[in-house]
Each structure stands twice: as structure tokens, then as C-alpha cells.
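Trainee: Here's the letter readout for the chains.
Protein chains: 2
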Amino acid sequence: MSRKSKEEIAEIYKKMQDHICRELEIADGTGLFTEDQWERPAGGGGRTRIFKGGNILEKGGVAFSAVHGPTPDKILNKLKLEKADFFATGVSIVLHPKSPMVPIIHMNIRYFEMDNGVHWFGGGIDLTPHYIDGADAKHFHQEVKKVCDQYDSTYYSKFKDWADEYFYIKHRNETRGVGGIFYDQLTAKDDAEFGKILEFSLSLARLFPKVYGFFMNKNSQIPYGENEKSWQRLRRGRYVEFNLVWDAGTKFGLDTNGRTESILMSMPPQADWEYMHEVAPGSAEEFTQNHLKKGIDWLSFD
Amino acid sequence: MSRKSKEEIAEIYKKMQDHICRELEIADGTGLFTEDQWERPAGGGGRTRIFKGGNILEKGGVAFSAVHGPTPDKILNKLKLEKADFFATGVSIVLHPKSPMVPIIHMNIRYFEMDNGVHWFGGGIDLTPHYIDGADAKHFHQEVKKVCDQYDSTYYSKFKDWADEYFYIKHRNETRGVGGIFYDQLTAKDDAEFGKILEFSLSLARLFPKVYGFFMNKNSQIPYGENEKSWQRLRRGRYVEFNLVWDAGTKFGLDTNGRTESILMSMPPQADWEYMHEVAPGSAEEFTQNHLKKGIDWLSFD
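From first to last, the protein sequence lines are chains A and B. Residue 79 in this note's numbering is what sits at position 1 of the first sequence, and the numbering runs on without skipping anything. Residue 174 in this note's numbering is what sits at position 96 of the second sequence, and the numbering runs on without skipping anything.
For the record, the hints were derived by calculation from the structure and aren't laboratory data. Given the structure is predicted, the values throughout are model-derived calculations rather than measurements. Cβ coordinates follow ideal geometry from the N, Cα and C atoms, glycine included. Don't take each hint at face value.
Computed list of lysine-lysine pairs in BS3-like fashion (alpha-carbon distance at most 25 Å, straight line) [to be verified]:
#	chain 1	residue 1	chain 2	residue 2
1	A	Lys307	B	Lys223
2	B	Lys329	A	Lys152
3	B	Lys176	A	Lys156
4	A	Lys371	B	Lys329
5	A	Lys158	B	Lys161
Partial list, derived from the structure: chain A residues whose beta carbon lies under 10 Å from chain B [what the hints assert, rightly or not]:
#	residue
6	Asn335
7	Pro347
8	Met354
Some residues of chain A that are not near chain B, with every Cβ distance over 10 Å (derived) [stated by the list, open to error]:
#	residue
9	Gly147
10	Lys152
11	Asp193
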């Protein structure tokens with residue numbers, strides 16, 4: 079893929095939102111997306127699509143946005159950049175399934191460009207099972223690695239480590255889930271590399287409904303009871319803690335007058351907190367707790 | 079009251095925790111506090127008391143701590159202070175009632191002192207009704223003002239405005255509840271003023287079980303149904319958003335390796351999120367939404 083303009087990238091990402099929504103509706107079987115179009119007072123806007131009436135999915139959304147205007151001071155100061163206008167476009171997804179046996183998933187691809195030529199890509203995909211299953215985590219990482227390896231043999235290991243660092247709930251000393259990949263501020267040195275990174279982000283986005291559709295179908299058939307539902311609500315509480323306390327994207331959005339309802343579409347439908355919750359020795363909950371760690375090589379897990 | 083040493087203040091605050099716990103157990107009727115004693119690796123520790131088995135209260139705690147050691151860099155940098163050891167003690171309370179008709183309440187008193195003589199008091203009390211009732215808010219502010227006025231005729235209006243600013247959910251453009259008072263870094267210029275501020279903090283703490291006991295008793299008798307419970311869960315979600323995104327105390331604790339379970343005892347038992355929730359015109363929920371604003375003079379509300 080050759081170099082594309084920011085407007086072209088926004089168009090491609092918008093079509094990707096369409097593709098992903100369609101695939102998720104098919105995988106779920108009954109739920110449908112409803113769309114909110116919104117405008118950003120300072121420039122640009124977006125299409126937030128929220129899932130309703132799901133058979134497998136309980137709450138979640140697939141959001142597209144393309145915003146522009148003067149670069150917020152927060153970014154300028156943090157990255158020591160000169161004043162200039164910016165353009166940012168991306169697709170962002172969080173899905174909370176009904177069943178505690180189906181993992182929560184998050185995917186994001188984004189492109190940022192300034193009038194002075196500064197540009198970068200960012201993104202990632204990570205899986206947050208309420209119950210960690212070694213084979214599922216392995217399959218997920220294998221699929222993500224396959225996509226990475228098509229573009230750059232260094233991507234997977236670099237971006238896997240980055241995800242372990244990023245999706246980390248520091249005050250709990252645990253990872254959000256089994257990780258995946260995360261990358262940010264990838265700047266292309268020439269048109270060929272630009273095309274490569276863009277194409278990589280699109281392949282990742284195309285992987286998303288395939289790999290998550292697999293878990294939706296397979297794991298929604300696993301029976302569960304009230305014990306598993308109650309653990310799910312506690313794990314959803316940790317998801318809330320990560321997003322509101324540590325997630326740089328969420329914090330930045332809330333801090334800079336982003337569209338709150340679109341940013342917080344990542345919140346679960348319901349979350350519980352319990353003081354000093356303890357998992358039973360030998361339980362699946364304990365197995366999960368013990369595997370919320372950085373640095374696990376899921377590819378060779380067995 | 080004359081000047082007290084930091085150890086004496088810690089002892090007084092600890093007794094205050096005992097007093098408040100006893101009063102709350104009486105007001106609730108069935109629930110009891112269980113205690114966790116903990117130590118801080120860098121110095122000091124605390125007694126976290128969590129409420130269980132309540133008739134009126136569903137979840138909450140009354141925490142005492144007295145910690146010391148090298149002052150964290152975050153504080154030194156923020157306040158441009160020279161390196162020195164610190165000592166900090168306080169009582170912190172958050173209570174989530176079962177009934178959506180009973181408000182959530184928060185109270186905190188704290189004292190901070192450094193080896194180089196720097197010292198200050200901080201604290202506050204604020205009420206977060208799931209359903210705002212003008213008469214209740216008026217009564218609460220009247221009681222708080224009475225305590226303030228005993229010590230300083232400027233306290234109430236200064237600290238009421240401070241609470242409006244502090245207990246504000248910026249990304250929702252709404253206050254957390256009907257406010258109350260908030261104060262921080264009150265430094266005494268002499269022993270008499272030191273005694274006055276300390277005594278003020280104790281009066282505030284003594285007011286707490288009286289005024290909240292009044293609401294526990296009165297409001298737990300108001301009938302409610304599933305509609306009110308579901309609104310309560312959404313409002314609890316906003317409480318979570320405030321505490322995790324904006325509350326300086328929570329953020330500081332989580333950032334500096336505080337005891338997570340004690341810090342997050344403020345979390346509700348359960349919280350819901352719904353995309354773009356809309357309140358019905360003319361409903362009690364709409365009345366509440368319309369009164370989550372800064373600058374309301376609750377004393378003259380009718």
C-alpha cells in the first residue's frame with residue numbers, strides 16, 4: 079500500500095468500522111448496532127456504534143472518529159512539539175460479553191498527523207478473560223503473532239512486551255488480562271514504511287472479528303452459574319479500575335473534553351467491588367489470579 | 079484545646095474512629111464492623127474497619143491511619159518543599175446504603191506534619207444523594223454550617239465553595255452530590271489557631287454520625303422499587319468515576335503504593351453503566367440531574 083493522505087486513512091478506517099460491525103452482528107446472531115453521529119466543537123466528529131439486544135454480547139461499542147483542530151497543549155508539552163494543527167482518526171472497540179466464560183476484548187487502531195509533518199500510528203489488541211484458559215490465550219497470541227510477522231519480524235515481541243507494560247493495573251500488581259499487543263508513535267521513515275504500518279493496522283483490525291468471533295462462538299457454549307457471574311462482576315470492576323485510573327487514552331480524552339459517552343462506552347454494564355475478596359485455593363479463579371502477570375510466554379504455554 | 083503533638087493527634091483520631099463505628103452500629107441496628115490492622119512497609123500503618131451484615135448500610139468503611147517516613151517526591155515536588163520526613167494521620171469514611179433513598183456519605187479529617195515544622199490540616203464532609211431532596215440538602219448544610227460557625231465565621235462559605243469545586247465530575251459537567259465542605263492545607267499561625275483547627279476537625283467528625291444517623295433512620299423508611307434501584311446503580315457508577323478519575327486523595331494513594339484495599343473501600347458494592355442514559359422529563363431522576371450543580375445555596379433552598 080502506498081502513502082495515503084489523512085483523509086484517505088479516515089475513509090479506510092470508517093469502512094473498517096462498517097466491516098467489523100457487520101461481522102460482529104453475524105457472530106452474535108441477534109444483536110444490532112445503533113449509531114450516534116456527533117460533532118466536535120473544535121473540529122471533526124465521529125460515529126459511535128453501540129451494540130444492543132445481543133445474544134452473546136451484553137454491552138460494547140465500535141467507535142470511529144476523525145477529529146482535527148489546534149493540537150491540545152497537553153500533547154504539545156508532553157512531546158515537546160511546536161504549535162500546529164492536528165488530525166487524528168481511529169477505530170476503537172470494547173466488548174463485554176454476557177457469559178463470564180467469554181473474554182472481554184479491546185482493539186484500537188489510530189493515526190495522528192500534524193500540519194508540520196509530524197505523524198504516527200498507534201494501536202493494539204488485548205484479551206481480558208474473566209477466566210484465563212491457557213489454550214485460549216495461546217491461540218489468541220498465535221493469531222496476533224501471525225499478523226505481526228507478515229509485516230515485521232520484530233513487531234510481535236516488541237509490541238507484546240509493550241502490551242504487558244501498558245495493560246497493567248499497578249495498584250493491584252496485576253495485568254488487565256492475558257495481554258496481546260500495543261504500539262504507539264510508530265513513525266514511518268519513508269512511503270514504503272508508511273504503507274507497511276497502515277496495512278499492518280488494517281490486518282490487525284481484520285483479525286479482530288475473526289479471532290473474537292471464534293471465542294464468542296466457542297466459549298458461549300460453556301455452562302456457568304452464579305459463582306462465575308459473581309466473579310465476572312468483580313473482574314469487570316478491575317476493568318473499570320484500569321480504564322479510569324491507568325488507561326492513557328481514557329485519561330487524555332476525559333481531560334481534554336472528549337465526548338464522554340464515547341470514551342466511556344468501554345465501561346462494563348455492571349461491576350462489583352468487595353473488600354479483600356479472596357479466591358479459593360485450587361479454584362479457576364485462583365488460576366486466573368495467578369496468571370495476571372507480565373512476561374508470560376503464552377505462545378509456548380501448556 | 080492547646081497545641082498537640084502529632085502522636086497525640088493520632089491517638090485522638092483513633093478514638094474518634096472508635097466513637098464513629100459505635101454510633102454507626104447503633105444507627106444501623108444489625109451490622110458490625112470488622113477490623114484489619116495493617117503496616118506500611120515504609121513506616122506506620124492503620125486500622126481499616128469494614129461494615130458487614132448491615133440492615134441499612136450495604137458497604138463501607140471507617141479507616142484510621144497514621145503513617146510516616148520520607149516525604150514522597152510527589153508531595154515535595156508539587157508543593158516545592160525541601161526533603162524531610164513526614165507524619166500523616168486521619169480518619170476516612172465512605173458509606174453506601176442499601177436503599178437508594180438514603181444518601182451516600184463521605185467524611186475525612188487528616189493532619190500532616192513534616193520534621194521541618196511544615197504542618198497542615200485537611201478534611202471535609204459531603205453528601206451524595208441518589209435522589210436529591212431539597213429539604214435534606216438544606217438540613218445537611220445547616221448542620222455543617224453550625225459546626226463551622228462555632229470556630230470561624232468564614233469557614234462555611236469558603237469551605238462550601240471549595241467542596242463544590244473539589245467534588246466535581248468534570249467530564250460529566252456535574253457535581254458528585256449536594257456538596258458540603260472541603261478544606262486542605264490549613265496551617266495554624268500560632269498554638270491557639272492550632273487548637274481551634276484541631277477542635278473544628280473533631281466537631282466535624284462528631285457531627286458525622288449524628289447527621290448521617292438522621293438520614294439513615296428517616297430515609298430508610300421511604301419505599302422504593304426496581305426503578306429506584308437501577309438509578310442507584312447508575313449514580314454509584316458516577317461515584318466510581320469521581321473517585322477513580324478526579325479524587326486527588328485516591329489518585330495520590332494509588333500512585334504512591336498506598337494500601338489499595340483501604341483506599342478502594344470507597345467503591346460501591348455494585349455499579350452500572352449505560353450508554354447515553356436519559357432521565358424522564360419531570361421525574362425525580364431529572365430533578366436530581368438538574369441539581370448536580372456548583373453554587374447552589376442549599377441553606378435558602380425551598
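Trainee: Look at each hint and say if it fits the structure.
Mentor: Taking the hints in turn, this is what the structure says about them:
1. Straight-line distance between C-alpha atoms of lysine 307 of chain A and lysine 223 of chain B comes to about 45 Å, which puts the hinted pair past the 25 Å bound.
2. Under the criterion of a C-alpha separation no larger than 25 Å, the hint pairing lysine 329 of chain B with lysine 152 of chain A is consistent with the structure, at around 19 Å.
3. This hinted pair does not check out: lysine 176 of chain B and lysine 156 of chain A have alpha carbons roughly 44 Å apart, beyond 25 Å.
4. As the CA atoms of lysine 371 of chain A and lysine 329 of chain B are separated by approximately 23 Å, the hinted pair is consistent with the 25 Å bound.
5. Note on lysine 158 of chain A and lysine 161 of chain B: the hinted pairing is violated, with a Cα-Cα distance of about 29 Å set against a maximum of 25 Å.
6. A cut of 10 Å between beta carbons decides the hint on asparagine 335 of chain A: the least distance to chain B is about 8 Å, and the hint holds.
7. Because the smallest distance between the Cβ of proline 347 of chain A and any Cβ of chain B comes to about 6 Å, under 10 Å, the interface hint for this residue holds.
8. Residue-level restraint check for methionine 354 of chain A holds (minimum Cβ-Cβ distance to chain B is 5 Å; threshold 10 Å).
9. Every CB of chain B is more than 10 Å from the CB of glycine 147 of chain A (nearest about 19 Å), matching its label as outside the interface.
10. With a closest Cβ-Cβ approach of about 14 Å to chain B, lysine 152 of chain A is found to remain outside the 10 Å limit, as its non-interface label requires.
11. At the 10 Å boundary, the C-beta of aspartate 193 of chain A stays outside the reach of chain B, the nearest C-beta of that chain being 28 Å off.
This entry does not satisfy hints 1, 3 and 5, going by the numbered hints stated previously.
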